[in-house]
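*Asks:* Construct the complete structure from the given sequences, taking the supplied hints into account.
Protein sequences, first through last, are from chains A and B.
According to the numbering used here, the first sequence is numbered sequentially starting from 2.
According to the numbering used here, the second sequence is numbered sequentially starting from 2.
Please keep in mind that the hints were generated in silico from the structure rather than gathered at the bench.
Heads up, some of the hints might be wrong.
One copy or two, it doesn't matter: identical chains are merged, so the pair holds either way.
[Said to hold, decoys possible] Listed next, the in silico DSS-like pairs over lysine-lysine satisfying Cα-Cα at most 27 Å (straight line):
#  : residue 1 : residue 2
1  : K86       : K163
2  : K207      : K22
3  : K45       : K282
4  : K207      : K283
5  : K93       : K283
6  : K163      : K22
7  : K163      : K210
8  : K282      : K86
9  : K45       : K283
10 : K283      : K210
11 : K22       : K283
12 : K76       : K86
13 : K76       : K93
14 : K93       : K282
15 : K22       : K93
16 : K282      : K210
17 : K283      : K205
18 : K22       : K45
19 : K205      : K163
20 : K93       : K163
21 : K45       : K210
From a predicted model like this one, the values you see are computed outputs, not experimental measurements.
Number of protein chains: 2
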Amino acid sequence: MMTVGIIGLGLIGGSMAIDLKRRGFADTVLGVESDPVNEAAAGKIGLVDETVSYDDCISRSDIIVVAVPVGIAVKMVCDILDRFKDGGYTSKIVIDVCSTKEQISLATRYHPCRRQYVPTHPMAGTEYSGPWAAMPGLFDGRACIFANPEESDPRALHTIEKLYATLNMRPTYMDASNHDVHTAYVSHISHVTSFALALTVLEKEKDEKHIFDLASGGFSSTVRLAKSNADMWVPILTQNRDNVLRVIDTYIEKMQDFRNAIADYDADRIRSLIGEANRIKKILR
Amino acid sequence: MMTVGIIGLGLIGGSMAIDLKRRGFADTVLGVESDPVNEAAAGKIGLVDETVSYDDCISRSDIIVVAVPVGIAVKMVCDILDRFKDGGYTSKIVIDVCSTKEQISLATRYHPCRRQYVPTHPMAGTEYSGPWAAMPGLFDGRACIFANPEESDPRALHTIEKLYATLNMRPTYMDASNHDVHTAYVSHISHVTSFALALTVLEKEKDEKHIFDLASGGFSSTVRLAKSNADMWVPILTQNRDNVLRVIDTYIEKMQDFRNAIADYDADRIRSLIGEANRIKKILR
Chain A
2 MMTVGIIGLG
12 LIGGSMAIDL
22 KRRGFADTVL
32 GVESDPVNEA
42 AAGKIGLVDE
52 TVSYDDCISR
62 SDIIVVAVPV
72 GIAVKMVCDI
82 LDRFKDGGYT
92 SKIVIDVCST
102 KEQISLATRY
112 HPCRRQYVPT
122 HPMAGTEYSG
132 PWAAMPGLFD
142 GRACIFANPE
152 ESDPRALHTI
162 EKLYATLNMR
172 PTYMDASNHD
182 VHTAYVSHIS
192 HVTSFALALT
202 VLEKEKDEKH
212 IFDLASGGFS
222 STVRLAKSNA
232 DMWVPILTQN
242 RDNVLRVIDT
252 YIEKMQDFRN
262 AIADYDADRI
272 RSLIGEANRI
282 KKILR
Chain B
2 MMTVGIIGLG
12 LIGGSMAIDL
22 KRRGFADTVL
32 GVESDPVNEA
42 AAGKIGLVDE
52 TVSYDDCISR
62 SDIIVVAVPV
72 GIAVKMVCDI
82 LDRFKDGGYT
92 SKIVIDVCST
102 KEQISLATRY
112 HPCRRQYVPT
122 HPMAGTEYSG
132 PWAAMPGLFD
142 GRACIFANPE
152 ESDPRALHTI
162 EKLYATLNMR
172 PTYMDASNHD
182 VHTAYVSHIS
192 HVTSFALALT
202 VLEKEKDEKH
212 IFDLASGGFS
222 STVRLAKSNA
232 DMWVPILTQN
242 RDNVLRVIDT
252 YIEKMQDFRN
262 AIADYDADRI
272 RSLIGEANRI
282 KKILR
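*Replies:* Given below as structure tokens:
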């Protein structure tokens, strides 16, 4: 009998709750949610079998999933490992699902119960948040990153690999600091560029009807991520500061290349920049 | 009996051909395609009833749709209006479907047959191009902009309004120079930011497998437009240079605001920038 406790019933935690139960990995799914509105909604939607206190979740669960914003997650994983130690819980496992991995790895590195912790990053999501954003199948076919897998107990790692296999995720193994470099390049920068695009258009285009009418010109997909939530993204961008800054700087250079080519009516240069950018087609379908 | 001639059997021209015929607006759809591979493909796919020469298209069609990149379209619309004059064709209509409207309006403004020309911009598309990208229903529910409608003959305008009503588009009427300002804000800037994002990631992330694995983190939707084709976008960006430069400059300022807030670990400032960007949610669903 496997009990999974999920702390944070938002998009990621809620979607895991649905599929781990439906697909038979968990016999019981317990949920912890600190926001009373979200807790009540999760109850009405029926995301988990029972919402419980943080203490009860730790004592009753075999696997504890920390699915809260990364700033809170660092402290919470440390606290849960302390409780494993104090309670003599040698077979329980804690995992997190955060989008940055280096700080949480550093904070837990020398904890006596470190081997009961498996840091993961399931690379799935939408721009929506909260228990009402949770959905079955969210993780299917996506990549899940296991950070510093050699620091976890092999049996714990194996159990969590089975958990993600239930979610139909492709496992990828990576050093925590490499993870943060790669996600800055591919995921974090996309969010910053979308936020900046939304700010630009909202400032420049005062007529909301025009934004709506003209959005079919590609704007809506490009700006989609600008709907993402600050509670999640403020700690990601500050925790991954150095990597994100490096990518932003390269990005601003590329924008300036375009700006100069357009300012000079330099059709050949614009054509060569677009041709280079088009290489992304070969990688993404 | 209505014959529609479409010059340029790409995504837009090809998709119009499909629905104008299927939905009974045109009895006959003629096509002109200068690229032999595209012409052969359009024939195999069956986009039009017949591919014909440019001259035959003009003499046989009641409505001529110019669906070629905007640099070529300016000259072509002028040439077709010349032929209307020389041939004494007083009831034929020519339309274009280009993404910039000011230069084409200036070039045609004083033409003696100007009133037989209806400048339009159907705001629909995908990041793909060519006859194989054409699809039924592409225009359904989207906005179609009519530029400077008072310069067209009211009967010609009415006929073209019926054409776009067949495609289920919502008509919007706008001055040509306003059109170019608004599309710079909402559509053209999105393409430039996507191209720059693709260039950044391709430069920074040498490992293509990582790009693919991590792309579910929002990157793929943000970078989608970077697949767009240079033949279409070089003339748009140069023709709409001044508006595009103004928006790029605001955009770079916003990126720098984010950069500085992240560099300073200024969580409050990042939170307020994201909160402001989130206002886009109210406008786009």
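*Asks:* Are the hints correct? Go through all of them and say.
*Replies:* Taking the hints in turn, this is what the structure says about them:
In the homo-oligomer, the alpha carbons of K86 and K163 lie at most 27 Å apart inside one protomer (25 Å), although the nearest pairing across protomers, at 74 Å, exceeds that limit. In this assembly of identical chains, K207 and K22 lie within 27 Å of each other by CA distance neither inside one copy nor across copies; the values are 47 Å within and 39 Å between. In this homomeric assembly, K45 and K282 come within 27 Å of each other (Cα to Cα) only across copies, at 25 Å, whereas the closest approach inside a single copy is 43 Å. Within a single copy, K207 and K283 get their C-alpha atoms only as close as 38 Å, which misses the 27 Å cut-off; across copies the closest is 14 Å, which meets it.
Proximity of K93 and K283 under a CA criterion of 27 Å is satisfied in neither setting, with 43 Å inside one chain copy and 43 Å between copies. Only within a single protomer do K163 and K22 lie at most 27 Å apart by alpha-carbon distance; the minimum there is 14 Å, versus 54 Å between protomers. Taking identical chains as interchangeable, the C-alpha atoms of K163 and K210 lie at most 27 Å apart only when they sit on different chains, with a minimum of 23 Å there against 49 Å within one chain. Taking the shortest Cα distances, K282 and K86 never come within 27 Å of each other, neither inside one copy (50 Å) nor across copies (45 Å).
Taking the shortest alpha-carbon separations for K45 and K283, only the inter-copy value of 26 Å comes in at or below 27 Å, while the best intra-copy value is 44 Å. Proximity of K283 and K210 under a CA criterion of 27 Å is satisfied inter-copy only: 11 Å between copies versus 36 Å inside one chain copy. Taking the shortest alpha-carbon separations for K22 and K283, neither the intra-copy value of 37 Å nor the inter-copy value of 34 Å comes in at or below 27 Å. For a Cα distance limit of 27 Å, the shortest separation of K76 from K86 inside one copy, 15 Å, qualifies, whereas the shortest one across copies, 78 Å, does not.
Within a single copy, K76 and K93 get their C-alpha atoms as close as 18 Å, which meets the 27 Å cut-off; across copies the closest is 73 Å, which misses it. In the homo-oligomer, the alpha carbons of K93 and K282 never lie at most 27 Å apart, since the shortest distance is 44 Å inside one protomer and 41 Å across protomers. Taking CA atoms no more than 27 Å apart as the test, K22 paired with K93 passes inside one copy only; the shortest distance there is 19 Å, against 65 Å between copies. With identical chains, the CA atoms of K282 and K210 are at most 27 Å apart between copies only, with a shortest distance of 13 Å across copies and 32 Å within one.
For the homomeric pair K283 and K205, the shortest alpha-carbon distance between copies (17 Å) is at most 27 Å, but the shortest distance inside one copy (34 Å) is not. In the homo-oligomer, the alpha carbons of K22 and K45 lie at most 27 Å apart inside one protomer (17 Å), although the nearest pairing across protomers, at 50 Å, exceeds that limit. In the homo-oligomer, the alpha carbons of K205 and K163 never lie at most 27 Å apart, since the shortest distance is 50 Å inside one protomer and 33 Å across protomers. In this assembly of identical chains, K93 and K163 lie within 27 Å of each other by CA distance solely inside one copy; the values are 15 Å within and 68 Å between copies.
When the C-alpha separation of K45 and K210 is checked against a cutoff of 27 Å, the pair qualifies neither within a copy, at 36 Å, nor between copies, at 41 Å.
The structure fails to meet hints 2, 5, 8, 11, 14, 19, 21 from the earlier list, while all remaining hints are met.
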